[in-house]
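Asker: Residue numbers (the numbering used here), protein chains in the order written: chain R, 1 to 118; chain W, 1 to 107; chain Z, 1 to 522; chain V, 1 to 326.
If you are wondering where the hints come from, they were derived from the structure by calculation, not from laboratory data. Honestly, I wouldn't trust all of these hints.
Pairs of lysine to aspartate or glutamate, EDC-like flavour, derived with a Cα cap of 16 angstroms [what the hints assert, rightly or not]:
| no. | chain 1 | residue 1 | chain 2 | residue 2 |
| --- | --- | --- | --- | --- |
| 1 | V | K24 | R | E64 |
| 2 | R | K100 | Z | D156 |
| 3 | R | K114 | Z | D156 |
| 4 | Z | K103 | Z | D156 |
| 5 | V | K80 | R | E64 |
| 6 | V | K80 | R | E110 |
| 7 | V | K131 | R | E64 |
| 8 | V | K80 | R | E108 |
| 9 | V | K80 | R | E107 |
The chain contents come next:
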Amino acid sequence: MNHVLDYYNYWIVVFLMMSGFYIVISANNLVKKIVGLNIFQTSVFMLYISMGKVSGGTAPIVVEGVTQYSNPLPHVLILTAIVVGVATTAVGLSLIVRIKRAYGTVEENEFENKDDAI
Amino acid sequence: MAVLDIISSILLLLGVFFGISGAMGLFRFPDFFTRVHASSVTDTLAAMLIIGGLLLQTSFDLNTAKLLFILLFLMVTSPTASHALAKSARHGGLLTLPESRSDQKES
Amino acid sequence: MLEQHLAVLPILLPLMAAPIVLILGRNALSWGLAILVSGLACFVAWQLLAATLSDGVIRYAVGGWAPPWGIEMRIDTANAFVLLAVTAISTFVLLYSKESIKKEMDESQHGLFYTAYLLCLAGLSGILITGDAFNLFVFLEISSLATYTLVSLARDRRCLTATFRYLVMGTIGATFILIGVGMLYMKTGTLNMLDLAERIHAYDSSRTINTGLAFIMVGVSIKLALFPLHAWLPAAYTHAPSAVTAFLASTATKVAVYVMIRFIFTVFGAEHVFEDMSMDWILMVLAIVAIFKCSYMATVQSNVKTVLAYSSVAQIGYMVLGISLVSATGLMASLIHIFNHALMKGALFMAVGAVFYRMGSVDIKAFRGLGRLMPWTMAAFTLAGLSIIGVPLTVGFVSKWYLVTAALEQNHWVVAGLVLAGSLLAVVYIGRVLEAAYFQQPDEGQADVKEVPLTMLIPMWLLVLANVYFGVDTSLTSEAAKHASDLLFQNSDAISALMDSLHGPTAQAVSETSGLTGEVLQ
Amino acid sequence: MAEFIDLVLLAMLAITALRIIFLKDLFAVVMLFGIYSFLSALIFVSLDAVDVAFTEASVGAGISTVLMLGTLALTGRTEKENQHSSLLPLVVVVVTGAALIYGTLDMPPFGAADNPIHEHVAPRYIEESPKEVGLPNMVTSVLASYRGFDTMGETVVVFSAAIGVLSLLGVRRRKENESAESGLMEHRVLHVIAKLVIPMIILFALYVQFHGDFGPGGGFQAGVIAAAAFILYSLVFGLPRAFAVVSPTVLRYLAAFGVLLYAGVGVVSMLKGGHFLDYNVLAANPISGQHYGIIIIELGVGITVFAVMLSIFYAFGSQAERSDIK
Chain R
1 MNHVLDYYNY WIVVFLMMSG FYIVISANNL VKKIVGLNIF QTSVFMLYIS MGKVSGGTAP
61 IVVEGVTQYS NPLPHVLILT AIVVGVATTA VGLSLIVRIK RAYGTVEENE FENKDDAI
Chain W
1 MAVLDIISSI LLLLGVFFGI SGAMGLFRFP DFFTRVHASS VTDTLAAMLI IGGLLLQTSF
61 DLNTAKLLFI LLFLMVTSPT ASHALAKSAR HGGLLTLPES RSDQKES
Chain Z
1 MLEQHLAVLP ILLPLMAAPI VLILGRNALS WGLAILVSGL ACFVAWQLLA ATLSDGVIRY
61 AVGGWAPPWG IEMRIDTANA FVLLAVTAIS TFVLLYSKES IKKEMDESQH GLFYTAYLLC
121 LAGLSGILIT GDAFNLFVFL EISSLATYTL VSLARDRRCL TATFRYLVMG TIGATFILIG
181 VGMLYMKTGT LNMLDLAERI HAYDSSRTIN TGLAFIMVGV SIKLALFPLH AWLPAAYTHA
241 PSAVTAFLAS TATKVAVYVM IRFIFTVFGA EHVFEDMSMD WILMVLAIVA IFKCSYMATV
301 QSNVKTVLAY SSVAQIGYMV LGISLVSATG LMASLIHIFN HALMKGALFM AVGAVFYRMG
361 SVDIKAFRGL GRLMPWTMAA FTLAGLSIIG VPLTVGFVSK WYLVTAALEQ NHWVVAGLVL
421 AGSLLAVVYI GRVLEAAYFQ QPDEGQADVK EVPLTMLIPM WLLVLANVYF GVDTSLTSEA
481 AKHASDLLFQ NSDAISALMD SLHGPTAQAV SETSGLTGEV LQ
Chain V
1 MAEFIDLVLL AMLAITALRI IFLKDLFAVV MLFGIYSFLS ALIFVSLDAV DVAFTEASVG
61 AGISTVLMLG TLALTGRTEK ENQHSSLLPL VVVVVTGAAL IYGTLDMPPF GAADNPIHEH
121 VAPRYIEESP KEVGLPNMVT SVLASYRGFD TMGETVVVFS AAIGVLSLLG VRRRKENESA
181 ESGLMEHRVL HVIAKLVIPM IILFALYVQF HGDFGPGGGF QAGVIAAAAF ILYSLVFGLP
241 RAFAVVSPTV LRYLAAFGVL LYAGVGVVSM LKGGHFLDYN VLAANPISGQ HYGIIIIELG
301 VGITVFAVML SIFYAFGSQA ERSDIK
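One chain only, chain R, in its complex shape (with noise of 0.2 angstroms):
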């Protein structure tokens, strides 16, 4: 029961990561795959906040009286990694909108049969 509550967070978190990746594998349509791709990266964000929290402590920004901080590096890296997610996920969508017009079709199955292999 002690191992449940200790890490219920993160078996969730991993939960999500996995519905996040499954989506990214298995989806056909190219705007469904980059959504997977952002749960999926948004879960990892998860992962990181959450090893950074401690019990009984506030956000990392001093206040009078308050001893307790919980962790700020992870809260940094993931800034920095969520603006890095963003950025792909731009690339991503305009690659589709340029995908769709070459191709006139975002599911992969489709465009795959329309040229040659490789």
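For chain R, the structure is supplied; the task is to place chains W, Z and V on it using the hints.
Answerer: Frame of chain R, contents of chains W, Z and V only:
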């Protein structure tokens, strides 16, 4: 102090009630326009009541000002959003339930 | 004054030049600036390599904050060596690209090409130099995003789907690395690689660390296109503009191989990775399968760019094989091959790009009779091709020599035999192209095909000459690589010594370690 | 209580994720993704990561969702049925998930104050940064000063994204005679409200930009919010009028300028004898040096992010066929 607390709790509870009823409406109502009507209750009335309740919980400092700003902002934007939604739906040719029924009868 | 800042300059120069190029907007100016910056970065890399060879590791605390609180740049012989290869190739390719991209992308895109190119260079340099695990992720993403842009610049619509696949795979890889780094961070509280290495083994149970290791290895394997995870590479290399392929094939995957080496040897320690997790067997099997499967795939393709792309995956197999031999010689062979393969593939892809420039196609049919029509280009292709095969007096021979020696040292007779057998397949796929070029008649109406402009020939031939030069005079490469691999193994030994002191040495571990150090001393 | 809220939010996230897997209507998928982002922002708040929550809400739920909707408008909103076998992905996912669960078994317990990450590097940030850097918001101190190089990398990532989107889509200018029809010209109410709201948004962006040292916020969030103001403007009044206010060319220069501003601070500190991005040497007093450095680099981040987000929106917006909205 206690009086303020009681008023604030009443406001919060009312806000929660309207929030839930808005959500119920969103699920239960038959067509788009009535649903927008239900969800706009959550957007406006519920949000305002909850913020009002929270306002009474502050000790009239910077947080009060921030909450007031949020309230002001919500009062301007949420009705506009609902309006834009409904108007776009109308432009897009969406019919209310009675209208679509009479359409069916005629045809 | 600049001397003390040498360590950040290879990142800073291209990074600041990229926005300037975007503002300039004039193609000729952008090209000049890009070459200048890349050349300067190459010079700096040379200085850094010399400095590390004479004075050892260079450390530079960015922002003046001492590590592990701040981010440090950490340059030893190994990354200075790879950095030199990357910046040198980048300069040559830039020289080449001015003419090449005229045929392959719209005039209005050229400015964006140079900007993305410089960003990619900055990212790759950053990955090599940084001493911080998370900073590595950031630079990895800079280089990846720039790479996606570069690949998608071609006119062929297939480059779009290739890029998209690359983007999805690459992002999954990067996210895996992020998970892995997170797990390490969770257990140790630090992101600095040296500090990580020290603290990783301070904890008696290591399931989280091992999972972190596994995720980092899988993530990096995607980036370096290790065998079952290589699916993105052939398509991306085939459909990217030629200059881009020449640049990426000789730098991007090499940098990823270096990242793998770095994590194995300086963060986790070779002993932990190879003996406790028996990664050496996994890597060795995958590497050998990669060599044969992808060399075979290369022999049946009709698009020459695809042939070379599959050949790249096979060659990455050789590099990983060197790592998996777990000896200083094997590691040295890998490092030498990183450098040498950059020279060969750079030259080969440039030659293929030159063919595309004149013929508008890189199908093997287009190569018919080119031996007479484009003698210089095809001569370059031939020499670089011989180098891939591993003919003596070329760099390819040097790599294979060290690799076979390393395999024999470990009594892996079979592996040594397989390395040689792999070369035979290379004979087949290079031979097919040469046969078409020299023993078949050109198609009708192609008699007026001329040689490409000098700005394309010169960088191509410089690389070919480098292929021969470093094949004859191996002192620079082997000295640097030996220095680097010894250093990496010292690091790794230091880590295992630390482990022993923390957990009490087992008899077996001690004998193994002394065996390893014995070999280093030989 | 906090754990309870956490658990409820996580459960909602799980339901959203499962729903997204099985839905075929991409419009709903994207909206659910927006909800997913908002929910995770709430989790970040309950885990004390206010800055992260702010960013996730403005980026994940804001910009990403807008871009996805823009893409859907161009590519169609339903996913087609396919005969892909979903067995292999499932196996891969289960194996990966099992590896992760295996990895969690040794993890330091959730929320314990004596976890390694709270005992090694971080204590210095918490105890010393108000003295060394002089800012109450530790996240800003670490972001802009201790790990300033990461943040520069992040700015460059955003810049690279702009290069990617520009090279892929470009920004097409419409011909003059078409311009009158685009935008939500008929919506009087929207016009009035937009005119009312946009200055407020920009004011708020400036507040976030310069208050980031003391509270949650900073260059990145401010840039996104400011971009949101202009996005609203171009949605309501049409892209051509937005181009007249901030032209795509200006945005290019701004994006480049922001990166140069950031790196320039580093170069200046090198010229003044410190290491790259060492703000201590920027002024006679290290604390004020840190202040100058952080304000300028945050400004650089804000400018680049604003310019990049807006040009990405322009790029997507100028692709769209606007004839269906009037």
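Asker: None of the hints should be skipped; say for each whether it holds.
Answerer: Hints and how they fare:
1. Only pairs whose Cα atoms come within 16 angstroms are accepted, and K24(V) paired with E64(R) is rejected, the gap being roughly 51 angstroms.
2. A hinted pair counts as satisfied when its Cα atoms are at most 16 angstroms apart, and K100(R) with D156(Z) qualifies at roughly 14 angstroms.
3. At most 16 angstroms may separate the alpha-carbon atoms for a hinted pair to count; K114(R) and D156(Z) meet this at roughly 13 angstroms.
4. The suggested pairing of K103(Z) with D156(Z) holds, with an alpha-carbon distance near 12 angstroms, which does not exceed 16 angstroms.
5. Using a Cα cut-off of 16 angstroms, the hinted pair K80(V) and E64(R) is violated, with the two alpha carbons roughly 57 angstroms apart.
6. Between K80(V) and E110(R) the alpha-carbon distance is near 10 angstroms, which keeps this suggested pair within the 16 angstroms criterion.
7. For the hint linking K131(V) to E64(R), the alpha-carbon distance of about 15 angstroms falls within 16 angstroms, and the restraint holds.
8. With a CA separation close to 10 angstroms, the supplied pair K80(V) and E108(R) stays within the 16 angstroms bound.
9. Proposed proximity of K80(V) and E107(R) is supported: the alpha carbons are some 7 angstroms apart, at most 16 angstroms.
In terms of the numbered hints stated before, the structure departs from hints 1 and 5, listed from lowest to highest.
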